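S.K.: Sequence order for the protein chains is A and B.
According to the numbering used here, the stretch in the first sequence is residues 223 to 716, in order.
According to the numbering used here, the stretch in the second sequence is residues 6 to 260, in order.
Check before you lean on any hint, since a few could be wrong.
[Stated by the list, open to error] Sample of chain A residues at the chain B side, in silico, Cβ under 10 Å:
| # | residue |
| --- | --- |
| 1 | A310 |
| 2 | S312 |
| 3 | T316 |
| 4 | H621 |
| 5 | R631 |
| 6 | V632 |
These are calculated hints, taken from the structure and not from any lab test.
As the structure is a prediction and not an experimental result, all values here were calculated from the model.
Cβ coordinates follow ideal geometry from the N, Cα and C atoms, glycine included.
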Amino acid sequence: MAPVLPLIANVFGGESTRLVWSRAFGDSLVNSLLLASGVATFSLLIGLPLGLLAALYRFPGRSPLLLFQALPLLLPSFLLCIGWSNLAASVWPTWFPAPSGFAGCLFVLGLQAVPLPFFGTWAACRNLTASQIDAARLHGGEWVVLRQSVRFCLPVAVLAAVLAGILTLSDPGAPLIFGCRSVAVEIRSSFSALYDFTLAGRQCLVLAGLVILLILPMMIVGLPSLATAMLARQTRPVMPYSHRVLSWVTMLGLVTVISLGIVIPTLGLCLPAVKNPMLGRASEKLLVTSGTTLFFTGGAGVTAILLALCMALVTAKDSRLRLFVLAVAFMLLALPPALAALGVLRMATDAPAQLDWITRSRLSVALILGLRFFPIATVTMMRAVGSLSPSWTDAALVHGVSWTRFHFRVIVPLLMPSIAVGLLLVMVLSAADITTTHLLQPPGEQSLPVAIFTVMANSPEGLVASLCLVYLLSVILLLVAASLLPRFWRRRLP
Amino acid sequence: MNRTLIRCRGLVSRIGGQLVLNGLDLEILEGESVAFLGKSGSGKSTLLWIVAGLEVPKQGEVQIAGVPATKNGRMVLPPSRRGVAMLFQDLALWPNLTVTGNLRLGLSGLRLSREALQSRIQETVKLCGIDELIHRRPGTLSGGQQQRVALARALAMQPKLLLLDEPFGGLDLLTKETIIREIGRLKSLLGFSLVLVTHDPFEVRELCQSLAVLEDGRIVDRGPFDQVTANANSLLAKAFLEQLLESKSTKRGRM
């Protein structure tokens, strides 16, 4: 939150003559709120039943389908919108409305948000014990199982869907491409088109205030149930059950959501790349941006994981502190990314030139991205630390093993799979955060997603599509690596 | 006459606002084997944790061999300097280390020289009969083998007192009997004191000479095995005595 202070100081003492509350900004705010509520409802209606079915029933292709279900969440929304726009421009039937405007945004952002309530429900359902489900099944069959599970998972699913809605408030990608007014686009235009830093700062603070207003009651009411679902418990979890009809319903549901969320937009991305492949220029761009992308995302990953690891170890024995850290983490995640980025920009302007190495460098981008996605790493690390047996630490205490030796020999090696998964997740998510990177990147240093975002308006479609495909493939590779790592480690550790 | 190894005075402990130990007094002599009996939640494990130094009571004092270990809600002697080892309910073997790795890390607090450390490990694995398992990880061992490794890790410290917190729960009867006899043998050989928390009369009969019965955070019966079972004050001690007699007759019948 430190970078926000200079931003606040600038907002009250700034020189902008424009009013923050213009008609356009008001309309954008209303539009954004409607979009956020639509996304939350849409994702809840699809994510809750699907998450429940996926946790309770066995179905063909379980592991890959669950893996690909997470993919839309890890991609910037503009990538999916480009895919849909390409389809609309070439193979779309004239009698069917093409995705654009508010409805297009709702459709794409809604599908992109489905993984949050889906995995929230899935994680909550995994906290039900196998015997609770067996008892419900013996008492009244699948109907009772589903009814009881919905009651148990509903609070978590609602909270996850609301969080998904709030996150869309700060995403300028989809509204920009589909031509929909949104507050995130307004902030971006104030900074990049009007060059009015003070106005952008004021708009950003209004949005941040709104986000806090929305998320605060959610934290107060629902945090304990969210914490129970997110953090591991040592119970005998539900074993997926084979059911002739429901297993197929689950599989078909997941295939439909994955097709609409990923496969069809990817086909849309492929079309111009096939018609007019510009692999030479695409690989040139890739070579120029790959080092910077790796530095930004890798630095963000390391920052987030180190902080999260410390936080998880410090809070391991104190459930109240854990709850507090989780609340702060969710609050930070929900805040608009432009807030910290504009704050750092303000700091960079006021700071002496000797501090440029930290305020106007690759390092500051990596640090701010790491801090932004530190909540994701925190949840991953808290889950992992929660699954360690407390008696391992007690045994080390009785034997007088030093803290550092015990952590380096036992705890960190046992946490390695989660550390690796958390690192990869933060890397992918920070690559997708174009707002922070776009605002903070030093001159001449562009990450791949920002390069795509900046060239998409005035470059050949073939080049944009080729770059998008390369990016998509890299994310898929990282996701597959993240899913295989724990298995690899488990094999090494009988 | 044996000297007092552990002396607890007026221990008071609360967990989540609930009184678990309520002014408890206890003495354990050098070389003595005591079983703590009591209903669930009577404070047996908490007492064990306090003696080990893993928990600090709100009030009261713990002395180990005459040296204050915990006083007035403050830890004076850290767990590693109390000469106490513990066999945990889930054994607490570090799963990513081999058997030797577990022993080596367990001894790291003693700061032995490389040679002394090596010879201590060799001596202990031979003593506990696990010399063929030293390169294996706990996850690849059977329940009985894991018990032996946990015991070896505890005994490698050459403790004055071994605390056992219901460690035989997951074992089949035959393995349990073997392990318990093995602990008995090692106890007579090495001469450490022993405190056992259990609900099983067989474990008590095989390992302990005296009993301490806990009720509502205090010790209500304490003394040599025969004395407590003959003049039991608490219902639990009476029930336990009946169970013990029953298990003895069943065993005789089987023979």
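S.K.: So, for every hint listed, does it hold in this structure?
M.R.: We went through each hint and held it up to the structure:
1. Using the Cβ-Cβ criterion of 10 Å, the hint placing A/A310 at the interface with chain B is not satisfied: the shortest such distance is roughly 53 Å.
2. For A/S312, the shortest C-beta to C-beta distance to chain B is roughly 54 Å, which exceeds 10 Å, and the interface hint is violated.
3. For A/T316, the interface hint is violated, since its Cβ never comes within 10 Å of a Cβ in chain B; the closest pair sits about 62 Å apart.
4. For A/H621, the suggested interface contact is upheld, since its CB lies about 4 Å from the closest CB of chain B, less than 10 Å.
5. For the restraint placing A/R631 at the interface with chain B, the shortest Cβ-Cβ distance is roughly 6 Å, inside the 10 Å limit, so the hint holds.
6. With 10 Å as the threshold, the beta carbon of A/V632 comes within range of chain B, its nearest partner Cβ sitting at about 5 Å, so the hint holds.
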